[in-house]
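Protein chains: 4
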Amino acid sequence: MTNFVEPAVHLLAWTRFDAAKAFNLTGWTVDDDTDPTGGQALAEFAGRSCFQSWKKPRPETSTNAGYLANILRQNHESVVEHATATFYVTGVSRSLLTELTRHRHLSLSVVSQRYVDESDARMVRPPAADSNALIGGLLDDVDSAANIAYVGIVTRLTEQGMNRKQAREAARAVLPNMTETRFVVTGNLRAWRDVLRRRWHVAADAEIRRFAGLILAELRELAPNVFQDFPAEPFGTGE
Amino acid sequence: MTNFVEPAVHLLAWTRFDAAKAFNLTGWTVDDDTDPTGGQALAEFAGRSCFQSWKKPRPETSTNAGYLANILRQNHESVVEHATATFYVTGVSRSLLTELTRHRHLSLSVVSQRYVDESDARMVRPPAADSNALIGGLLDDVDSAANIAYVGIVTRLTEQGMNRKQAREAARAVLPNMTETRFVVTGNLRAWRDVLRRRWHVAADAEIRRFAGLILAELRELAPNVFQDFPAEPFGTGE
Amino acid sequence: MTNFVEPAVHLLAWTRFDAAKAFNLTGWTVDDDTDPTGGQALAEFAGRSCFQSWKKPRPETSTNAGYLANILRQNHESVVEHATATFYVTGVSRSLLTELTRHRHLSLSVVSQRYVDESDARMVRPPAADSNALIGGLLDDVDSAANIAYVGIVTRLTEQGMNRKQAREAARAVLPNMTETRFVVTGNLRAWRDVLRRRWHVAADAEIRRFAGLILAELRELAPNVFQDFPAEPFGTGE
Amino acid sequence: MTNFVEPAVHLLAWTRFDAAKAFNLTGWTVDDDTDPTGGQALAEFAGRSCFQSWKKPRPETSTNAGYLANILRQNHESVVEHATATFYVTGVSRSLLTELTRHRHLSLSVVSQRYVDESDARMVRPPAADSNALIGGLLDDVDSAANIAYVGIVTRLTEQGMNRKQAREAARAVLPNMTETRFVVTGNLRAWRDVLRRRWHVAADAEIRRFAGLILAELRELAPNVFQDFPAEPFGTGE
Numbered sequence: 001m002t003n004f005v006e007p008a009v010h011l012l013a014w015t016r017f018d019a020a021k022a023f024n025l026t027g028w029t030v031d032d033d034t035d036p037t038g039g040q041a042l043a044e045f046a047g048r049s050c051f052q053s054w055k056k057p058r059p060e061t062s063t064n065a066g067y068l069a070n071i072l073r074q075n076h077e078s079v080v081e082h083a084t085a086t087f088y089v090t091g092v093s094r095s096l097l098t099e100l101t102r103h104r105h106l107s108l109s110v111v112s113q114r115y116v117d118e119s120d121a122r123m124v125r126p127p128a129a130d131s132n133a134l135i136g137g138l139l140d141d142v143d144s145a146a147n148i149a150y151v152g153i154v155t156r157l158t159e160q161g162m163n164r165k166q167a168r169e170a171a172r173a174v175l176p177n178m179t180e181t182r183f184v185v186t187g188n189l190r191a192w193r194d195v196l197r198r199r200w201h202v203a204a205d206a207e208i209r210r211f212a213g214l215i216l217a218e219l220r221e222l223a224p225n226v227f228q229d230f231p232a233e234p235f236g237t238g239e
Numbered sequence: 001m002t003n004f005v006e007p008a009v010h011l012l013a014w015t016r017f018d019a020a021k022a023f024n025l026t027g028w029t030v031d032d033d034t035d036p037t038g039g040q041a042l043a044e045f046a047g048r049s050c051f052q053s054w055k056k057p058r059p060e061t062s063t064n065a066g067y068l069a070n071i072l073r074q075n076h077e078s079v080v081e082h083a084t085a086t087f088y089v090t091g092v093s094r095s096l097l098t099e100l101t102r103h104r105h106l107s108l109s110v111v112s113q114r115y116v117d118e119s120d121a122r123m124v125r126p127p128a129a130d131s132n133a134l135i136g137g138l139l140d141d142v143d144s145a146a147n148i149a150y151v152g153i154v155t156r157l158t159e160q161g162m163n164r165k166q167a168r169e170a171a172r173a174v175l176p177n178m179t180e181t182r183f184v185v186t187g188n189l190r191a192w193r194d195v196l197r198r199r200w201h202v203a204a205d206a207e208i209r210r211f212a213g214l215i216l217a218e219l220r221e222l223a224p225n226v227f228q229d230f231p232a233e234p235f236g237t238g239e
Numbered sequence: 001m002t003n004f005v006e007p008a009v010h011l012l013a014w015t016r017f018d019a020a021k022a023f024n025l026t027g028w029t030v031d032d033d034t035d036p037t038g039g040q041a042l043a044e045f046a047g048r049s050c051f052q053s054w055k056k057p058r059p060e061t062s063t064n065a066g067y068l069a070n071i072l073r074q075n076h077e078s079v080v081e082h083a084t085a086t087f088y089v090t091g092v093s094r095s096l097l098t099e100l101t102r103h104r105h106l107s108l109s110v111v112s113q114r115y116v117d118e119s120d121a122r123m124v125r126p127p128a129a130d131s132n133a134l135i136g137g138l139l140d141d142v143d144s145a146a147n148i149a150y151v152g153i154v155t156r157l158t159e160q161g162m163n164r165k166q167a168r169e170a171a172r173a174v175l176p177n178m179t180e181t182r183f184v185v186t187g188n189l190r191a192w193r194d195v196l197r198r199r200w201h202v203a204a205d206a207e208i209r210r211f212a213g214l215i216l217a218e219l220r221e222l223a224p225n226v227f228q229d230f231p232a233e234p235f236g237t238g239e
Numbered sequence: 001m002t003n004f005v006e007p008a009v010h011l012l013a014w015t016r017f018d019a020a021k022a023f024n025l026t027g028w029t030v031d032d033d034t035d036p037t038g039g040q041a042l043a044e045f046a047g048r049s050c051f052q053s054w055k056k057p058r059p060e061t062s063t064n065a066g067y068l069a070n071i072l073r074q075n076h077e078s079v080v081e082h083a084t085a086t087f088y089v090t091g092v093s094r095s096l097l098t099e100l101t102r103h104r105h106l107s108l109s110v111v112s113q114r115y116v117d118e119s120d121a122r123m124v125r126p127p128a129a130d131s132n133a134l135i136g137g138l139l140d141d142v143d144s145a146a147n148i149a150y151v152g153i154v155t156r157l158t159e160q161g162m163n164r165k166q167a168r169e170a171a172r173a174v175l176p177n178m179t180e181t182r183f184v185v186t187g188n189l190r191a192w193r194d195v196l197r198r199r200w201h202v203a204a205d206a207e208i209r210r211f212a213g214l215i216l217a218e219l220r221e222l223a224p225n226v227f228q229d230f231p232a233e234p235f236g237t238g239e
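Protein chains in written order, with this note's numbering: chain V, 1 to 239; chain W, 1 to 239; chain L, 1 to 239; chain D, 1 to 239.
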């Protein structure tokens with residue numbers, strides 16, 4: 001019986017800003033509404049440092065939300081590169097991984113199919129197959145066939161004297177795209193904005209769009225001001 | 001009956017250097033042994049421009065091979081970034097693609113499994129399965145099961161009103177890692193050196209090591225002086 | 001008397017596409033209006049390879065200009081990464097270099113102020129000072145003062161036993177931003193599009209905007225279809 | 001009288017790891033000797049996730065120091081990409097900035113010479129000029145001449161109706177390389193390792209080597225296990 005798994009993203013690490021040191025150096029501090037120890041405050045500090053403008057005379061840019069809204073509108077996204085967010089991701093497919101890896105500004109540490117025993121790997125249902133019994137049956141068939149072949153290849157190659165790593169490396173050839181992968185992924189907030197612009201989009205693959213929605217929800221909690229211009233529904237919905 | 005395919009790399013494009021213009025600008029020309037219109041000559045031009053040293057007083061660096069040997073030994077690999085090589089690659093697996101994509105300095109245009117009909121996709125045997133009849137049979141089994149499911153999923157989803165692209169996107173979930181992919185890949189010669197250092201290596205996956213060997217053979221013909229320090233056998237062989 | 005110099009960009013290298021090999025592999029060839037050996041044709045090949053669509057049924061995308069217009073409009077700029085252009089640039093200032101270096105996708109080989117004798121360096125007038133005699137006089141004064149100090153520092157430090165390279169490294173501290181630099185710069189066409197979008201812009205620094213205009217003129221000749229959506233006047237002019 | 005300034009690097013932000021969440025997800029926790037909330041622990045988590053090896057059977061890799069020593073020795077530096085460090089840097093020259101910008105994996109937010117009034121800019125003495133009265137006098141001369149010209153150009157251009165930003169943009173042409181710059185710089189620990197490998201080196205420019213020493217001292221405190229293989233003296237000293 002195939003063991004299907006749902007996607008999950010866990011915020012694991014983020015940038016901590018030493019607001020007290022920043023204040024000692026420049027006399028500047030973020031507005032009261034914003035977490036002074038977070039990446040949003042750091043992004044504003046970085047923007048202000050370019051102009052050495054530590055005062056806040058204009059009301060519309062005196063809040064962190066206002067300042068970042070203005071700077072993102074002007075396409076100066078580089079200031080949000082200073083803050084990063086790291087997730088531990090489970091329950092996504094190797095197809096998704098292959099798409100995500102195209103984002104060259106992300107840092108990835110991925111479960112190795114060469115080293116890890118995949119004989120009891122879990123599977124990820126493509127969203128189009130959700131609650132679709134006929135298709136679910138076809139996915140089961142492939143999972144079974146792949147599992148039998150995977151175990152068979154590892155067994156035979158190790159019996160012939162090959163070491164386990166090389167045998168698994170060969171046997172992974174039969175694993176389907178829907179095989180679960182897990183990874184640690186880090187991106188700076190500019191990189192995440194780029195990922196979400198492309199994947200939180202109606203034209204994106206259904207699984208990676210779902211993943212983008214999960215990531216966006218976490219990032220909105222971590223750094224709402226940096227993602228204030230992102231829509232609740234995928235890009236392209238209302239066009 | 002599974003249609004297995006062998007890997008092939010086709011050199012499709014490369015950097016052409018306007019040696020006559022370089023001569024007009026600086027009085028410098030590459031030594032007689034080296035193609036004056038190639039990336040090797042451009043790399044030497046770039047190196048010399050840093051020091052505006054257009055004369056060649058020292059015999060050991062008066063040839064292009066000598067000049068590049070010296071500059072690579074000093075870790076000044078950036079000069080070989082100016083030249084690129086582009087390949088059209090066929091007969092490699094999706095596993096290989098996922099590994100290759102980790103090299104973030106490469107530019108890739110890959111056959112899309114979301115758009116293209118994969119019902120008659122060809123398969124790539126892992127090297128460990130070459131001339132291994134028992135394992136070949138297991139690969140056939142998985143190919144058959146995946147094919148039946150792929151066609152079934154596309155048929156059912158389109159019958160239910162889904163468009164063909166979305167149906168294929170869902171159905172690719174069952175395709176195995178050994179499914180053939182094709183791509184256009186471009187790297188500058190520094191990026192290729194990095195790829196080969198890691199993949200033309202005894203510790204690399206067997207399929208990507210075989211691929212690296214094919215790439216290296218092409219690059220040695222295109223720019224022998226840039227790859228003069230690469231071994232004939234994979235790195236790590238003699239250690 | 002200060003030796004002022006004008007900017008010049010020399011197209012030194014570019015991507016050559018083996019159209020005959022592409023035809024042999026796929027049966028595809030670019031339309032008659034387009035240089036079959038250039039980067040534009042390669043970009044179309046790369047785009048078509050993603051969909052394995054080697055036929056040209058739709059008139060609006062049957063030409064290279066039409067195909068690339070369509071693909072750039074859809075934000076699939078990655079296909080133009082496969083083609084590069086390399087320039088030898090002279091007559092630009094160190095200020096410009098510092099700004100250009102921010103474009104991390106460019107590859108640069110720059111005249112080293114640590115190694116090269118700068119006692120007879122040429123100067124680059126900022127565009128605002130063109131035909132402005134009063135300001136020209138001020139630039140001359142700085143050039144003279146810097147030159148005297150540069151020669152003085154090198155002389156004294158070498159007299160005190162320091163080697164020439166270390167002495168020049170210290171002496172360059174006095175060289176002004178307007179000091180000429182020269183460099184070899186390579187970018188793929190996507191990187192150049194990004195540079196031009198930001199620097200061929202009314203909000204850009206005057207010198208780098210002038211430089212961007214020179215680069216754009218060369219790129220329009222090399223790959224008109226890739227830059228067909230770029231304006232004749234800097235971005236922002238008509239807004 | 002020239003206002004000379006000394007370099008300073010201030011650690012402003014770093015990666016905070018949610019060790020409790022990592023433990024809940026995997027049962028793994030870092031050894032007692034290591035800060036469980038820091039980037040070092042995250043790097044080990046990322047490395048272990050690749051192999052899903054959450055137990056620590058081998059004593060030599062059961063500590064964080066041992067684990068990272070082993071992984072760095074094997075050239076798997078990518079796991080330290082997940083942690084970053086951000087500095088606010090003051091008292092360094094524009095020459096240093098130009099060199100540092102070559103490290104394309106760093107994120108920089110730099111004081112803009114186009115926007116900020118540089119008429120009272122501070123200067124950075126090259127290390128070779130320390131306690132060298134003759135050379136100090138030459139630096140003063142250049143500073144005075146540059147300052148007079150800078151103020152003169154801004155005054156005249158604004159009198160002629162140019163706006164202040166454009167006038168400063170033109171006037172910066174006369175500022176010397178030794179002019180102080182300030183910036184916020186972020187790098188992941190792999191990027192910092194690469195910077196230090198090249199700049200904490202006897203062959204590096206004297207000012208950037210001094211800067212590298214300051215950065216290394218901060219990073220050793222933040223993440224000693226990640227920099228355990230770096231020497232106390234610059235690379236190349238003992239060769």
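Hints in this document: simulated from the structure, not taken from any laboratory. We treat Cβ as the ideally placed atom computed from N, Cα and C, and that holds for glycine. There's no promise every hint is true.
What the hints assert, rightly or not - Taking lysine to any residue pairs in the SDA-like style, the calculated list, with each CA pair at most 25 angstroms apart, reads: (1) D/Lys165 - L/His103; (2) V/Lys165 - D/His76; (3) V/Lys55 - D/Lys21; (4) L/Lys55 - W/Arg102; (5) V/Lys165 - W/Arg198; (6) V/Lys165 - W/Asp18; (7) V/Lys56 - D/Asp120; (8) V/Lys165 - D/Ala69; (9) D/Lys21 - V/Arg210; (10) L/Lys165 - W/Pro59; (11) L/Lys21 - W/Arg198; (12) W/Lys165 - V/Lys165; (13) D/Lys55 - D/Asn70; (14) L/Lys56 - W/Gly27; (15) D/Lys21 - V/Thr63; (16) V/Lys165 - W/Ser131; (17) W/Lys55 - L/Ala128; (18) D/Lys21 - V/Gly236; (19) L/Lys165 - D/Ala69; (20) V/Lys165 - W/Arg102; (21) L/Lys165 - D/Lys165; (22) L/Lys21 - W/Phe235; (23) D/Lys165 - L/Ala128; (24) W/Lys21 - L/Arg122; (25) V/Lys21 - D/His76; (26) D/Lys165 - L/Gly137.
As the list claims (entries may be wrong) - Partial chain L-side listing against chain D, Cβ under 10 angstroms, derived: (27) Arg16; (28) Gln52; (29) Lys55; (30) Pro59; (31) Leu138; (32) Asp141.
Each hint, compared with the structure:
1. D/Lys165 - L/His103: Answer holds: lysine 165 of chain D to histidine 103 of chain L is near 22 angstroms, not above 25 angstroms.
2. V/Lys165 - D/His76: Distance ~18 angstroms between lysine 165 of chain V and histidine 76 of chain D Cα, so the pair holds.
3. V/Lys55 - D/Lys21: Roughly 39 angstroms separates the two Cα atoms, so the pair is violated.
4. L/Lys55 - W/Arg102: violated (32 angstroms)
5. V/Lys165 - W/Arg198: holds (18 angstroms)
6. V/Lys165 - W/Asp18: Given that 25 angstroms is the threshold and the Cα spacing comes to 49 angstroms, the pair is violated.
7. V/Lys56 - D/Asp120: Judged against 25 angstroms, a Cα distance of about 22 angstroms means the pair holds.
8. V/Lys165 - D/Ala69: At roughly 23 angstroms apart (the allowed maximum being 25 angstroms), alanine 69 of chain D and lysine 165 of chain V satisfy the hint.
9. D/Lys21 - V/Arg210: holds (23 angstroms)
10. L/Lys165 - W/Pro59: Holds. Lysine 165 of chain L to proline 59 of chain W sits at ~23 angstroms (cutoff 25 angstroms).
11. L/Lys21 - W/Arg198: violated (29 angstroms)
12. W/Lys165 - V/Lys165: Violated: lysine 165 of chain W and lysine 165 of chain V sit about 37 angstroms apart, past 25 angstroms.
13. D/Lys55 - D/Asn70: Measuring from Cα to Cα gives roughly 16 angstroms; hence the hint holds.
14. L/Lys56 - W/Gly27: Since the Cα atoms of lysine 56 of chain L and glycine 27 of chain W sit roughly 47 angstroms apart, the hinted pair is violated (cutoff 25 angstroms).
15. D/Lys21 - V/Thr63: violated (32 angstroms)
16. V/Lys165 - W/Ser131: The given pair, whose Cα atoms are some 20 angstroms apart, holds under the 25 angstroms limit.
17. W/Lys55 - L/Ala128: With Cα atoms ~38 angstroms apart, lysine 55 of chain W and alanine 128 of chain L exceed 25 angstroms; violated.
18. D/Lys21 - V/Gly236: violated (35 angstroms)
19. L/Lys165 - D/Ala69: violated (37 angstroms)
20. V/Lys165 - W/Arg102: Holds, because 20 angstroms separates the two Cα atoms, which is no more than 25 angstroms.
21. L/Lys165 - D/Lys165: It is violated: about 37 angstroms lies between the C-alpha atoms, which goes past 25 angstroms.
22. L/Lys21 - W/Phe235: violated (31 angstroms)
23. D/Lys165 - L/Ala128: Holds: lysine 165 of chain D and alanine 128 of chain L sit about 12 angstroms apart, inside 25 angstroms.
24. W/Lys21 - L/Arg122: holds (22 angstroms)
25. V/Lys21 - D/His76: violated (34 angstroms)
26. D/Lys165 - L/Gly137: At roughly 21 angstroms apart (the allowed maximum being 25 angstroms), glycine 137 of chain L and lysine 165 of chain D satisfy the hint.
27. Arg16: violated (27 angstroms)
28. Gln52: Given a least distance of 33 angstroms, the restraint on glutamine 52 of chain L is violated.
29. Lys55: Given a least distance of 40 angstroms, the restraint on lysine 55 of chain L is violated.
30. Pro59: violated (42 angstroms)
31. Leu138: holds (4 angstroms)
32. Asp141: At 6 angstroms from the nearest chain D Cβ, aspartate 141 of chain L passes the 10 angstroms test, so the hint holds.
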